[in-house]
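The listed protein sequences derive, respectively, from chains B and X.
Per the working numbering: the first sequence = residues 377 to 502.
Per the working numbering: the second sequence = residues 7 to 353.
For the record, the hints were derived by calculation from the structure and aren't laboratory data.
Where is the CB? At the ideal position from N, CA and C, for every residue including glycine.
Hints may contain errors.
[What the hints assert, rightly or not] Sample of chain B residues facing chain X (criterion: CB under 8 Å; computed from the structure):
hint: 1; residue: Gln419
hint: 2; residue: Arg447
hint: 3; residue: Asp476
hint: 4; residue: Leu481
hint: 5; residue: Tyr502
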Amino acid sequence: MNRSSRITTRGDRIVVALAVVFVLSLYAVYWQPGETGTTIEYQTPNDRGEISLDGERELSLQGAEGVSHIRIHDGAVRFTASPCRNKHCIHSGWLRHSGDFATCLPNQVALLIHGPDSQRLDAINY
Amino acid sequence: MHGNRLCLYSLLLTALLTTACSSNDQQSLRFYALGTLIEVSLRDAETRQVTEIERQLIAQFQHWQTHWHPWQKNSDDNLAAINQSLAQSGEAGINAELGSLLRAAQPYYEQSNGLFDPAIGGLVRLWGFNRETMPTAPPEKDRLADWLESRPRYADLVIRADRVVSDNRNVQLDFGAFAKGYALQRAAALVHEHGIRHALINAGGDLIVLGNAGGRPWRVGIRHPRSSGVLATVELSDGEALVTSGDYERYFWAGDKRYHHILDPRTARPAGGAIAVSVIDHNAARADAAATALFVAGVQDWRRTAEAMNVDCAMLIDSRGRIHMTGCMQKRLQFKIDPEKGIQVSP
Numbered sequence: 377m378n379r380s381s382r383i384t385t386r387g388d389r390i391v392v393a394l395a396v397v398f399v400l401s402l403y404a405v406y407w408q409p410g411e412t413g414t415t416i417e418y419q420t421p422n423d424r425g426e427i428s429l430d431g432e433r434e435l436s437l438q439g440a441e442g443v444s445h446i447r448i449h450d451g452a453v454r455f456t457a458s459p460c461r462n463k464h465c466i467h468s469g470w471l472r473h474s475g476d477f478a479t480c481l482p483n484q485v486a487l488l489i490h491g492p493d494s495q496r497l498d499a500i501n502y
Numbered sequence: 007m008h009g010n011r012l013c014l015y016s017l018l019l020t021a022l023l024t025t026a027c028s029s030n031d032q033q034s035l036r037f038y039a040l041g042t043l044i045e046v047s048l049r050d051a052e053t054r055q056v057t058e059i060e061r062q063l064i065a066q067f068q069h070w071q072t073h074w075h076p077w078q079k080n081s082d083d084n085l086a087a088i089n090q091s092l093a094q095s096g097e098a099g100i101n102a103e104l105g106s107l108l109r110a111a112q113p114y115y116e117q118s119n120g121l122f123d124p125a126i127g128g129l130v131r132l133w134g135f136n137r138e139t140m141p142t143a144p145p146e147k148d149r150l151a152d153w154l155e156s157r158p159r160y161a162d163l164v165i166r167a168d169r170v171v172s173d174n175r176n177v178q179l180d181f182g183a184f185a186k187g188y189a190l191q192r193a194a195a196l197v198h199e200h201g202i203r204h205a206l207i208n209a210g211g212d213l214i215v216l217g218n219a220g221g222r223p224w225r226v227g228i229r230h231p232r233s234s235g236v237l238a239t240v241e242l243s244d245g246e247a248l249v250t251s252g253d254y255e256r257y258f259w260a261g262d263k264r265y266h267h268i269l270d271p272r273t274a275r276p277a278g279g280a281i282a283v284s285v286i287d288h289n290a291a292r293a294d295a296a297a298t299a300l301f302v303a304g305v306q307d308w309r310r311t312a313e314a315m316n317v318d319c320a321m322l323i324d325s326r327g328r329i330h331m332t333g334c335m336q337k338r339l340q341f342k343i344d345p346e347k348g349i350q351v352s353p
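Start from the sequences and build out the full structure, keeping to the hints where you can.
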């Protein structure tokens with residue numbers, strides 16, 4: 377087989393390799409299922425995002441009436457403080473499983489646990 | 007060789023475009039209205055469509071919030087103004103928008119034999135469930151007895167083209183058991199009018215879907231009534247709404263007794279027997295009214311009430327944790343727990 381009859385050239389292979397790296401980097405940046413396969417989707421009046429359930433962290437989320445504090449521990453998350461009267465969000469306790477959620481309606485902050493993408497729920501009815 | 011290379015580059019381009027599209031094919035809007043979080047997920051929508059839908063939906067929900075509020079007199083023709091006028095003179099002028107809401111609720115009141123009754127606003131107020139902060143004690147028995155003696159009913163209300171009249175001055179309207187469902191149905195129509203064929207609109211946990219979620223049905227979890235997790239999941243098809251009424255939404259404790267916000271017009275007290283009712287229907291307004299009516303009907307009468315309201319898919323969880331379902335609902339749900347053992351009732 378001579379060189380000209382090959383399906384790809386060296387240049388093609390470089391382009392393919394670069395494209396694969398680019399696609400993988402896009403997944404790495406924009407699709408973060410978390411190392412354990414579960415993530416927390418958080419919503420505030422001005423922001424929405426997903427963070428991993430891994431590790432040990434305390435985070436502050438700016439809401440409509442103040443700051444809601446959440447704690448991530450041992451693969452679970454909970455509200456630890458929020459500027460609402462009835463503290464329903466704090467009483468919701470630890471959220472661990474896919475579909476667990478808690479909302480601080482007065483402060484407009486919500487947490488929802490997602491599992492692996494194949495089990496992902498589009499919404500929770502309550 | 008050129009053909010092969012073209013083919014290869016085409017595949018690469020397709021892969022890149024697929025990756026790019028996958029992060030943009032669903033866009034979400036979020037805002038607070040009607041006392042809850044409204045979330046709208048739009049699929050395959052162009053940016054200009056999303057911008058216009060967001061503008062119109064926020065304006066519409068804010069309009070409803072102002073005009074449907076039963077106690078805050080935000081304008082001269084909102085529901086609070088009508089309630090005030092009904093109490094004073096037994097009649098009130100209504101605008102076309104409120105007239106539509108009042109007329110839409112009428113068949114469900116009749117079909118449910120009054121178990122869904124928007125005329126119990128005075129009772130809701132008596133219990134204090136209209137306030138942001140929950141009460142600490144139930145109303146005095148004498149006051150509940152007085153309300154029962156006067157027993158305002160939606161049937162007391164005569165709805166004319168531009169006014170309502172009632173012989174019973176205790177008729178006070180509160181559409182808390184209907185407004186979200188009615189708003190969902192209207193919001194879905196608005197989204198559809200903009201050419202969006204795939205969407206999910208979620209108003210504080212009650213929701214309606216259009217089309218699908220990108221080649222698969224919309225997948226929704228139904229909250230466990232006694233824990234923070236999901237009881238069951240269900241896949242919804244085009245135009246279906248899912249509404250749940252539960253005793254966990256608004257309640258208070260007085261001593262060792264728990265009082266929730268779903269009131270039985272026949273007893274003037276929180277309805278007993280059920281802790282949650284879920285309804286799937288192609289009409290979100292009917293689903294909302296039915297979820298309340300079936301809850302009030304309780305274990306004995308919920309099936310009969312569902313039939314009378316033309317509801318096929320419904321589930322009731324009773325206060326002992328037992329799950330009652332129609333055949334339609336049984337086929338739809340995938341339980342995440344053992345339903346017989348998984349629900350425990352709090353004291």
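Against the structure, the hints:
| no. | hint | result |
| --- | --- | --- |
| 1 | Gln419 | holds (6 Å) |
| 2 | Arg447 | violated (15 Å) |
| 3 | Asp476 | holds (5 Å) |
| 4 | Leu481 | holds (7 Å) |
| 5 | Tyr502 | holds (4 Å) |
Hint compliance for this structure: hint 2 alone is broken.
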